[in-house]
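Enquirer: Single-letter residue listing:
2 protein chains.
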Amino acid sequence: MGSRRSPFDPVAHGLDKDFQLTNYTFTDPRGVGWKVPQKDLLKLLDEFKDDGGKSAEEMMLQRTEFGIGSDCSVKPLPHGGLCLVETTDFFYPLVDDPYVMGQIACANVLSDIYAMGVLECDNMLMLLGVPQRFSDKEREIIIPLMMRGFRDMANMAGTKVRGGQTVLNPWCTIGGTATSVCPGTSIVCPDNALVGDVLVLTKPLGTQIAITARQWLSIPEKKKKLNALITAEDVERAYQEAVYNMCKLNKISASLMATYNAHGATDITGFGILGHAENLAKCQKEEVSFAIHNLPVIARMQHIAKGYSEFKLLQGYSPETSGGLLIAFPREQAASYCKEMDRLGASAWIIGIVEKGNRTARVIDKPRVIEVNTNIT
Amino acid sequence: MGSRRSPFDPVAHGLDKDFQLTNYTFTDPRGVGWKVPQKDLLKLLDEFKDDGGKSAEEMMLQRTEFGIGSDCSVKPLPHGGLCLVETTDFFYPLVDDPYVMGQIACANVLSDIYAMGVLECDNMLMLLGVPQRFSDKEREIIIPLMMRGFRDMANMAGTKVRGGQTVLNPWCTIGGTATSVCPGTSIVCPDNALVGDVLVLTKPLGTQIAITARQWLSIPEKKKKLNALITAEDVERAYQEAVYNMCKLNKISASLMATYNAHGATDITGFGILGHAENLAKCQKEEVSFAIHNLPVIARMQHIAKGYSEFKLLQGYSPETSGGLLIAFPREQAASYCKEMDRLGASAWIIGIVEKGNRTARVIDKPRVIEVNTNIT
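Which chain is which? The protein sequence lines are A and B, in order. Here the first sequence stands for residues 7 to 383, where the numbers follow the numbering used here. Here the second sequence stands for residues 7 to 383, where the numbers follow the numbering used here.
Hints are computed from structural coordinates only; laboratory data are not their basis. A couple of the hints might just be wrong.
One-sided excerpt, in silico: chain B residues whose CB lies under 7 Å from chain A [as the list claims (entries may be wrong)]:
1) 79
2) 94
3) 126
4) 129
5) 168
6) 185
One-sided excerpt, in silico: chain A residues whose CB lies under 10 Å from chain B [to be verified]:
7) 9
8) 86
9) 96
10) 128
11) 162
12) 166
13) 168
Where a beta carbon is used, it is the ideal one built from N, C-alpha and C, also for glycine.
The following block holds chain A by itself, in its conformation from the complex (with noise of 0.2 Å):
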């Protein structure tokens, strides 16, 4: 699983010691503050719903459209049974080191296409806020690093970024999109899950929580409260497992998608595990409910979480940054699907099931909390 990285050195790269990037966004401790809250973003998005007479399959895809699903994009062309596949997504930076920030944010950008099963990316754009406040040293230094860790993550996973647009603003900004051209049948639709299906998650959870731990470290008053929790060596640890995470593609995990038949996924990111369950819920063409009973979480996690109300990590709804799939399986298909995700130096826990109801979501009472250690030395 590789070795820790080493944190960014500032002035190994000419610049000022105290020079942060995760200083040019939002203050907000616990980095959730930047996301429009998910009820009135849906308000805002209401009226692109009912745009003309659509047909029920194209409703789903627009749903599924909107962030309510996969946050992906689905237009049949009138080519040869090809689909054009597209999302977009950008960041403010809640790492420091802006060369893994880089590989981060392309990550998660992909990621709303292998949600759909989508394997190859013909095209990424790039999108690129400058901080205004940046000197021109920093500028030269930390944007073409952070441009360097989003085209790696983009040639990693088999394709290239071709353009993009690079404006000043107050806050740093990355992000971009990727496009697909597709055979239709190559796309796994969200909306096939079954009374009886099994939940599978590909990543665990607390990523959010072990970044904004480690920033603590580093605040006397808040490292405090934090010590009495966990360690900084177990901060470190969980940090570092973070960062693998974020930067490891789905593309493995979306590969065997298909091959285990399985009925719908959706990636987990800002709105939580719950958050993308609920969404994931709702466009489902069956009366299903998804019920979670087991939350992988990055190991002693759950200890921070329990101290501070304000994670909402049991509940389902701590943040995630480029968070796993959650994939609706076959029950059998489910433990196939995870044996070879094994196989192959992958992971993937059954977090839950599909059961009768009217497509909601929900963590039951005292979910169990699955510890991930890392293998990360």
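Following the hints, position chain B against chain A.
Expert: This is chain B only, laid out in the frame that chain A set:
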């Protein structure tokens, strides 16, 4: 050509009378401060250019892709001669009417694919930055208006917004992506200009000067000097003409490019007519240069430009938003194109020539200014 738009009335929408969308961006009165300087941008993009062994054609596309030509990315697909053509762009508010701002943003995003002669856009995604400082009410009123403007313009262009991303940001941003899957043969390559060709422009220059002048009318210390150069009525006319043009799709201009054998084109935006002409010249296959003799300018904007040295209008560097297409045609066809555009009620001016040279562009000393009077009443 239609009638005047009334100014946006915040009170009629239940907002404070002092609400101004243009307050949620840079305070630089010329509105040009948010572009990363072109030379810095090129330096940043440098490392993307020699990204592995590319064919000459790919190199051309790569150059085109990174804003040096048209900011469109073009990727040949492994499906029957199809290409994926994509662009992305986003903007800060430059007019106070949120619906109009949405329209302008959408027209400007689409402009890049029109510059490649691509007329059908298969899909658009919308990118929104909602100002943190917006009250709930402001968010509920302003954002849907912007979204509606963007969507309506997309529909007018015969395409549809199927997804996007919305986050909070200090400033307001609106933009998006435009994607087309089209036969490679339908693309007008930008790099075929020949000695003897003629340069055509399809919208008048001076949009940002008009917008800025109108803002100055409400700033007493600015107004006095301005009024010595131009009447308030002329400013209002110019503003109306600017808004009309920024909201106008370049689709008709693009639809005739292939018919009249265009040798290359780009759209005019933030770097001004000369900045974009330089980019287009740089990517040419032949050893040619562009000489611009005529500058079609919104009526009386040249008087403002002469009074304020910061507007580099006559030097060719006054930034435009959602500007026209700059197209190189064989001489006879250029005249026919302009005639046909005129017949369709659209505008087009012959502004310069293609001569032997080393892929540069210039505005001649003392260019002729063509005063473009508005028909808006």
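Enquirer: Any CB of chain B closer than 10 Å to the CB of residue 166/A?
Expert: It holds, given that the least Cβ distance between residue 166/A and chain B is near 8 Å, below 10 Å.
Enquirer: Interface hint check: residue 79/B, Cβ to nearest Cβ on chain A, cutoff 7 Å. Holds or violated?
Expert: At about 4 Å, which falls below the 7 Å cut-off, the nearest Cβ of chain A leaves the hint on residue 79/B intact, so it holds.
Enquirer: Does residue 86/A meet its interface restraint, that is, does its C-beta lie within less than 10 Å of any C-beta in chain B?
Expert: The hint holds - residue 86/A has a Cβ within 10 Å of chain B, the shortest such distance being about 7 Å.
Enquirer: Would the hint on residue 9/A stand, with a C-beta cut-off of 10 Å toward chain B?
Expert: Violated, because the Cβ-Cβ distance from residue 9/A to chain B comes to roughly 27 Å (cut-off 10 Å).
Enquirer: Taking the closest Cβ pair, is residue 168/B under 7 Å from chain A?
Expert: Since the shortest Cβ distance to chain A is 4 Å, the answer is holds.
Enquirer: Can residue 128/A be said to touch chain B, with a Cβ gap under 10 Å?
Expert: The hint holds - residue 128/A has a Cβ within 10 Å of chain B, the shortest such distance being about 5 Å.
Enquirer: Have a go at the residue 185/B hint: is there a Cβ in chain A nearer than 7 Å to its own Cβ?
Expert: holds, 6 Å
Enquirer: Should the interface hint for residue 126/B be scored as holding, given a Cβ-Cβ cut-off of 7 Å against chain A?
Expert: With Cβ-Cβ at 10 Å, over 7 Å, it is violated.
Enquirer: Does residue 129/B pass the interface hint, meaning its C-beta sits closer than 7 Å to a C-beta of chain A?
Expert: At 5 Å from the nearest chain A Cβ, residue 129/B passes the 7 Å test, so the hint holds.
Enquirer: Go through the hint on residue 96/A and say holds or violated, using the shortest Cβ distance to chain B against 10 Å.
Expert: Where the cut-off is 10 Å and the nearest Cβ of chain B is about 6 Å from residue 96/A, the hint holds.
Enquirer: The hint names residue 168/A as touching chain B; please verify it with the least Cβ-Cβ distance against 10 Å.
Expert: Given a least distance of 4 Å, the restraint on residue 168/A holds.
Enquirer: Hold the hint about residue 162/A up to the distance rule: shortest CB distance to chain B must be less than 10 Å.
Expert: violated, 14 Å
Hints 3, 7 and 11 from the earlier list are contradicted by this structure; the remaining hints agree with it.
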